[in-house]
Amino acid sequence: MNRLKHTLPSIIVAAVLIAVWWLLVVYTESRIFPTPKKVVEGTLELARDGSLWEHIGSSLMRVGSGFGLAVLFAIPLGLWMGRVHGAFVTLNPIFQILRPISPIAWIPISILWFGVGNASAIYLIFIASVFPMIVQTTVGVHTIEKRFLRAAVNFGVPRDKFFLQVVLPATLPQIITGMRIGLGVAWLVVVAAEMIALRSGLGYMIMDARNAGNRYELVVAGMIIIGLIGLMLDGIMRLLESMKIVRWRYAH
Amino acid sequence: MKISLQNVRKSFEKDKQRLEVISNLSFDVRDGEFVAIVGPSGCGKTTLMNIIAGFLPPDSGSIIVDGAPRTEPNRKGILITQQGSVFPWLTVRQNLLFGLPEQTPDREALAEEYADLVGLKGFEHNYPHELSGGMLKRCEIARALVVKPEILYMDEPFSALDALMSLRMQNELLRILAKEKHTVLLITHDVEEAVHLADRILVLSPRPTSIQASFDVKLPHPRRVSSPEAQALRVAILKELGVAETV
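The listed protein sequences derive, respectively, from chains H and Z.
Residues 1 to 252 in the numbering used here are what the first sequence spells out, letter by letter.
Residues 1 to 247 in the numbering used here are what the second sequence spells out, letter by letter.
No lab work stands behind these hints: they were computed from the structure.
Take the hints with a grain of salt, since some may be wrong.
Taking lysine-lysine pairs in the DSS-like style, the calculated list, with each CA pair at most 25 Å apart, reads [unchecked claim]: (1) Z:K218 <-> Z:K181; (2) Z:K218 <-> Z:K2; (3) Z:K14 <-> Z:K76; (4) H:K161 <-> H:K38; (5) Z:K14 <-> H:K146; (6) Z:K76 <-> H:K161; (7) H:K161 <-> Z:K148; (8) H:K244 <-> Z:K121; (9) Z:K76 <-> Z:K2; (10) Z:K76 <-> H:K146; (11) Z:K179 <-> Z:K239; (12) Z:K239 <-> Z:K218; (13) H:K146 <-> Z:K148; (14) Z:K179 <-> Z:K2; (15) Z:K181 <-> Z:K148; (16) Z:K121 <-> Z:K218; (17) Z:K76 <-> Z:K239; (18) Z:K76 <-> Z:K179.
Please read all numbers here as calculations on a predicted model, not as lab measurements.
If we strip away everything but chain H, and leave its shape as in the complex, we get (with noise of 0.2 Å):
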């Protein structure tokens, strides 16, 4: 019920946004612009031949391996950089140079090193998504409070014992931000790479529904469907800021 509440709101503004859309197309008379209902029966079409599901797997995996590469890279350079005073000093004005770049901006050259395709696609994923993502855990370790930092030392307990027990799990609600944010990137940037010269994904179905006849029922489906995707995206990790271990950074 409380549920209900909470969602009424956003659902009637968006059917008052759906009919107003509806109503201007009938209005205006367009020819090209799609009504809702062309829309939905474009989705249908799309889904029954399979396509879609295509479309929607290959933008996944991009966004999957490019972000997953990331994470694997920039959570442990972070947690060193956040550690190491001169790691942090040598590296940091670097990433600080590179993460404004748009990754729009990096097309060309990654076609030039990986070619027209996959490893083109996942190369600009990566960029996108791990510059947050090591900028956020090393923020984490700058900010773990230093009594908790004392205490650990206080207790003398080994290294290893002092990073898994201490360190990670102090820095991990900040790893989970810089994951929100990175993964939330990469869905962006996933839709503009396919854009150019790949043959599947959501951002190429829309560029070829565009180019083969005008089909902008299919365009519009598209977009929603991404948006949709990025919305849930985004609700998983959401889970992940509801695990115990990080409950207290979120509690209140």
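Given chain H's structure and the hints, the job is docking chain Z onto it.
Below, chain Z alone, put in the same frame as chain H:
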């Protein structure tokens, strides 16, 4: 002598000005003795405790523990502070196990025993944010005691608790100390707490601080802080702190 401070000095650099915090401070603590240190706020009590516990080096002078100079913190003396440092990402049980090396015989049973000792039985699998302030303090004390330290360094340990809980925790501490004889160094701004708990009370002067006066507390436990002797002592200490009060 368990702990011996010899001519400890400490100053900080602040806005390019040298701020002398501790000037030539010396005192001894006997094995098993409970010494309370009281002083006006801002006189450098916490700095002093951090130096004694080994977290901060003095500018000059030395801290001798068991006849050997101490430079680093170690598990022989555990620091308990006002803020507390129970790890919020570990359960009560995991916190108690934290300081116990893996090869400790019966470490699980030991953790259980100390959870029981401080009255946390049944809460071993709770996370700290699920506990009250008093329970958190009990957990911190248990985590310190389970590693069998010889010394407890307590820096305003109960100041964040309400008055009633603070008094209850003081009684708990006395009950535990009666069972396991530790050397305790307590820093507090609460004179009554010091009179209630300590064998000896040192009064610090304002900054730069040094020992201004020392009082032996010869009252037997359990003490009544409202007794005339205790009150007379309290007034004498307050007088040293520059607070005139009539009983």
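Against the structure, the hints come out as follows:
1. Z:K218 <-> Z:K181: holds (18 Å)
2. Z:K218 <-> Z:K2: holds (20 Å)
3. Z:K14 <-> Z:K76: violated (33 Å)
4. H:K161 <-> H:K38: violated (59 Å)
5. Z:K14 <-> H:K146: Within the cut-off at roughly 21 Å; holds.
6. Z:K76 <-> H:K161: holds (19 Å)
7. H:K161 <-> Z:K148: holds (20 Å)
8. H:K244 <-> Z:K121: holds (21 Å)
9. Z:K76 <-> Z:K2: Holds. Z:K76 to Z:K2 sits at ~11 Å (cutoff 25 Å).
10. Z:K76 <-> H:K146: Holds - the C-alpha atoms of H:K146 and Z:K76 are around 20 Å apart, at most 25 Å.
11. Z:K179 <-> Z:K239: Since the Cα atoms of Z:K179 and Z:K239 sit roughly 34 Å apart, the hinted pair is violated (cutoff 25 Å).
12. Z:K239 <-> Z:K218: Distance of about 19 Å is within 25 Å: holds.
13. H:K146 <-> Z:K148: Holds - the C-alpha atoms of Z:K148 and H:K146 are around 24 Å apart, at most 25 Å.
14. Z:K179 <-> Z:K2: Since the Cα atoms of Z:K179 and Z:K2 sit roughly 19 Å apart, the hinted pair holds (cutoff 25 Å).
15. Z:K181 <-> Z:K148: holds (10 Å)
16. Z:K121 <-> Z:K218: violated (35 Å)
17. Z:K76 <-> Z:K239: violated (35 Å)
18. Z:K76 <-> Z:K179: It holds: about 18 Å lies between the C-alpha atoms, which stays within 25 Å.
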